[in-house]
Amino acid sequence: MRAAGVIVGAAILGGALPVAAQRSLVVAPLVSLAEHRVDAGFGIEHSLGPILGGVATLRFGSRLTLAGRALGGSLFGSTGVLDRDVGELGVEASVVTAPWLAFQARAVRRAYSTKLGRQTWNLVGLGATARAAFAGDAIHGVWRVTLLPVVSVSGLRDPDVAFRAAAGLEYRVRTATLGVEYSRERYDFPPEAGVRRLEQLSALTLLLELRVH
Amino acid sequence: MRRLAWAVVLAAGVAPRLAAQGGTAELLGQAHQFYERLEVERALPLLRQIVSPNWPFEVTPDQRVDAYKYLGACLAVAGKRDSAVLYFRAAIERDPFTDLDPSLFTPAQLATFGEARRRTLAVAVRPVQPARVDPRTARVTFTVVATHAALVDVKLSAIGVGPLLSLFQGTMDGVREIAWDGLLADRRLAPAGRYTLAVVGRSRVTGASDSARVYFDLRHEVAALEDTLPALDRRALLPERFSPEAARRDVARGLGVAAAALVIAGAATGDLGGGGRAEADVVAATAAVTGVVAFLVHRRHGAIPENVAANARRRVERDSANASVRRRNADRIAATLLLVSPAAGEGTGP
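In the order they appear, the protein sequences are chains E and P.
No gaps in the numbering here: position 169 of the first sequence is 160 in my numbering, and each next residue is one more.
No gaps in the numbering here: position 317 of the second sequence is 323 in my numbering, and each next residue is one more.
The hints are simulated quantities; they were obtained by calculation from the structure and are not laboratory data.
Only a predicted model underlies this, so the values are computations on that prediction, with no experimental measurement involved.
If the Cβ cut is set under 8 Å, some of the chain E residues that face chain P in the computed set are:
1. Asp30
2. Ile35
3. Ala123
4. Ile130
5. Trp134
6. Ala158
7. Gly159
8. Leu160
9. Gln191
10. Ala194
By construction, the Cβ of each residue, glycine as well, lies at the ideal position given by its N, Cα and C atoms.
Kindly produce the complete structure, drawing on both the sequences and the hints.
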């Protein structure tokens, strides 16, 4: 959270924010089919379910965007696995450095809750997004990689390895953009008592961006 | 001492010239005074001195014409009509614009002068005066003269081009002002350059001919013109059709997204049993199909409507901007002013 704030603040102080007249607002409702897998030494538990949410993106000129996202849903566990609800709030600042490349800083707070308890995750990531236009500029291929150097999970030690990767397509129809993306987050926690905890969250997401201002 | 020496040297250099001008002018002034006091016999020798080849001082053309004119006037008063005519003709030949003021000279003198004009055909045009003329509202004027009734042809020519325009053709007697609107025969503004105005006259009395010409430079004063926008080259236009390479790249990009989705799903799975593979397959299949469809569509319908429309917009904007530029330039050209200045002989012009 702090790192993202620093990046956004530096961008503002550095004059990266263009004049207000160039601002635009884009909202994007999204729906995901998410699968959560975890192996804490007792076998692989997986749960699957829909997540609904939305992203509001404020564009400052053609280079800088600030986005806030809110998601929530339920993941239904497989046999013997508890169902859990998931909720997430996040902010992201993105700077376009080339027509095909942008860099992001993001901060996310996520919570999983079951009937037995609640676990919160705080994530800070730095990443890059590459876009390639298909002929005609109506379709873009999108590739994302985000390193998560700061991850804190309640009740657990910080993971050794944490990253997120995604690939997808964006179809632009007039002022709307339909996106389809496959993403996966991976967390490898350090061994405790000889057991190494692994977690991953993969999702197939459909997102419809609508320019409102 | 040195200053005194310099003063003497300067005085010695300047004095002869002053004396020359002063000598002729002084003598002419004295002759005028004698003439006005009707002391014609005293005026005549002074005037004869001035026109004599032996007169040691410089005589300007105007002074010589004046001397001949007053010689004629004096002799007319003295009743020597033939001699008077002779001197009046000498004055007229040297300056066809020479005339007698009826309020200063007697009818007999005027009649004698008229006789001299009848016997002498001379045509002339006054040197062009510097002028700044707006051809929309004003005219360039030339003053020509024929000493008696004559068929006169006044032609304007551009140096190196030949006669362009006849400004006057007809009979005239005396002084006439001829106006020129700055246009040539094709009704276009005369281009900048050196021009000559030629006057040719043939006497209707004696059949004698005479001609004269003056030179002048013509320049245009026009506000700076704007350049039109250059033609839109390939760099300024978007591609309007997909190239085969672009179509093939579509396939590659679609496969690139598909591969990335599969790699993410496979590589990150590790010990967690390959979950989420179906979602990755959906994205991979979608991307691959999109790439192939884009390839096929672009191969079959190569046009890029957005780019065609954008290029058309750019062409319309350019044409509109150029039309505005041409309109403004036309207004500026229409407001062109003509700058006329006298010139000496044929040359290259301004």
